[in-house]
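Protein chains in written order, with our numbering: chain R, 1 to 225; chain G, 226 to 500.
No lab work stands behind these hints, which were simulated from the structure alone.
Do not take every clue at face value.
[Said to hold, decoys possible] Below 16 angstroms or equal to it, Euclidean Cα-Cα: the simulated EDC-like pairs (lysine to aspartate or glutamate) are:
| hint | chain 1 | residue 1 | chain 2 | residue 2 |
| --- | --- | --- | --- | --- |
| 1 | R | Lys218 | G | Glu488 |
| 2 | R | Lys218 | G | Asp487 |
| 3 | R | Lys213 | G | Asp491 |
| 4 | R | Lys213 | G | Glu483 |
| 5 | R | Lys184 | G | Glu483 |
| 6 | R | Lys213 | G | Glu488 |
| 7 | R | Lys213 | G | Glu495 |
[Stated by the list, open to error] One-sided excerpt, in silico: chain G residues whose CB lies under 10 angstroms from chain R:
| hint | residue |
| --- | --- |
| 8 | Glu333 |
| 9 | Cys345 |
| 10 | Arg351 |
Ideal Cβ placement from N, Cα and C applies to all residues, glycine included.
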Amino acid sequence: MRYIQRQSAFARGLHWIHTIACLSLFATGLMLFIPQVAGAVGVATLNGARLVHRVMAAIFIGAPILGIIINPKGFKHFWKSMVFKWDDDDKEFTKKFFPYLLFGAKQHMPPQREQKSGQVVADGAIVIFSILISLTGIVLVWPATFGGAGSAMWTWSLLLHDVSMVLLSVLLIAHIYIGAGIFKPYRGMGRLMFGDGKVSETDALYHWGTWAKEELRKGDKVTTA
Amino acid sequence: MAETAIKYDSSKCTACKGCQVACKQWNQLPSPLLAEEYEFTKSFQSPLDLSPNTWLIINFSEVKQDIGIDWNFMRNSCFHCTEAACEMACPVGAISHKDNGAVVIDEEKCIGCRYCVASCPFSVPRWDEARNKTFKCWQCFDRTSAGRAPACVSTCPTGALEFGDRDEMVAAAKERVAELKAAGFTKAELYGETELGGLHTIVVAHRGLDAHGLKRDPKIGVTEFWQLLKPLGGIAAAATVGGLGFSFLMSAKYKRGEFTYDEATDTVVEKEVEK
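Please model the entire structure based on the sequences and the hints provided.
Here it is in structure tokens:
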């Protein structure tokens with residue numbers, strides 16, 4: 001059995017850091033978002049959660065920026081893989097994906113490049129809302145710099161911060177379901193970010209047919225174990 | 226305890242600022258002691274805005290006329306709304322209504338999230354960064370619960386401020402508006418009877434609401450949005466989990482063969498896997 005090294009140790013490390021930051025931000029943010037939870041945990045816990053939220057927010061924003069600075073080539077590669085002209089296969093994939101996801105993966109899906117077209121849409125949305133939640137979070141933490149607490153900019157930031165949180169929650173639930181391989185056709189995918197970053201030849205050909213063939217032909221990322 | 230209210234009559238107010246001073250004294254709210262601490266704006270209004278340590282100011286709207294100016298004063302402080310957006314928005318229950326209608330912040334419970342700051346249609350609650358808490362007028366509940374008038378009312382020398390049973394205050398305000406209209410102030414209006422379920426500060430605006438900077442038909446807009454967003458967010462998350470649960474069950478019997486790629490012929494071969 002052959003394997004393709006799909007994710008580098010650097011990318012996996014960054015993903016680990018972001019996973020921890022993201023889950024912590026979600027948990028601590030939710031405490032404030034749901035009044036029943038806020039009431040149940042009490043003021044002392046909420047004040048602690050506020051501190052954790054800010055520390056984790058700094059990591060959430062700082063880690064990818066640092067990642068780009070340390071490994072610009074990796075970012076360039078990621079960016080290139082995300083931005084491409086959609087062909088008929090991509091359009092067909094997007095059209096078929098929801099029936100595929102909901103009704104037991106009975107559809108035959110067209111071959112895909114390094115990033116599936118559905119992946120580009122979902123991950124792109126996650127990136128956009130992550131940037132939005134980060135920028136609005138900065139305004140919320142330093143209100144004096146942005147017209148003060150209660151200014152129009154600050155109030156809009158609070159609203160957009162909450163809206164982004166709701167949308168990111170929905171996107172991330174789906175991201176975890178698919179990415180961690182809870183969805184049966186994606187079983188084993190958790191290894192990509194939480195394991196050694198390798199994908200088996202059979203999984204690679206099934207999920208990213210066009211990309212897998214290219215990599216298997218080149219051979220520089222192919223191993224047998 | 227019956228519902229009570231402060232009545233402010235702009236036609237009787239001389240903007241002496243005694244109420245501002247009394248508020249600061251009773252509630253022990255410090256003022257800046259340094260010279261030129263406040264920006265000079267050519268207005269007699271001072272300070273320019275509410276703050277964590279200034280819970281009441283008299284707003285000056287100085288409107289130039291052919292001869293002199295019109296002084297359109299307005300008491301700027303918490304209106305103690307019945308439908309209080311701040312109370313609805315507070316996630317920790319730090320803001321509550323007292324039996325007499327006063328809306329108060331429990332400083333012990335306040336976590337400084339500033340949802341109340343964002344939600345108040347009158348921009349009244351003010352957040353203190355150093356203490357990470359929000360502050361506003363509490364209608365001197367310590368005084369009113371002991372049968373006394375709020376500090377601002379007790380010091381007013383002209384009778385512009387009165388305190389008492391809310392129904393009586395509304396009735397007196399209506400009577401005063403009629404008197405003012407008869408005296409030539411045709412735009413005189415009453416504010417607070419029905420706004421946001423009824424305010425606990427009733428205003429007689431002798432030159433009309435707009436002249437005194439009062440918001441017509443104030444809404445709890447931002448709070449309404451949150452009240453919609455929170456259940457909608459829950460429904461969206463539950464629908465996603467439900468949909469993916471369905472997907473999980475539907476894919477339980479999913480299986481596929483093993484794929485291998487033959488570079489020489491550029492073909493993908495699928496081999497069935499026995500289980």
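A quick look at each hint next to the structure:
no.: 1; hint: R:Lys218 x G:Glu488; verdict: 10 angstroms, holds
no.: 2; hint: R:Lys218 x G:Asp487; verdict: 13 angstroms, holds
no.: 3; hint: R:Lys213 x G:Asp491; verdict: 8 angstroms, holds
no.: 4; hint: R:Lys213 x G:Glu483; verdict: 15 angstroms, holds
no.: 5; hint: R:Lys184 x G:Glu483; verdict: 15 angstroms, holds
no.: 6; hint: R:Lys213 x G:Glu488; verdict: 8 angstroms, holds
no.: 7; hint: R:Lys213 x G:Glu495; verdict: 14 angstroms, holds
no.: 8; hint: Glu333; verdict: 7 angstroms, holds
no.: 9; hint: Cys345; verdict: 8 angstroms, holds
no.: 10; hint: Arg351; verdict: 8 angstroms, holds
Checked against the numbered hints above, the structure violates none of them.
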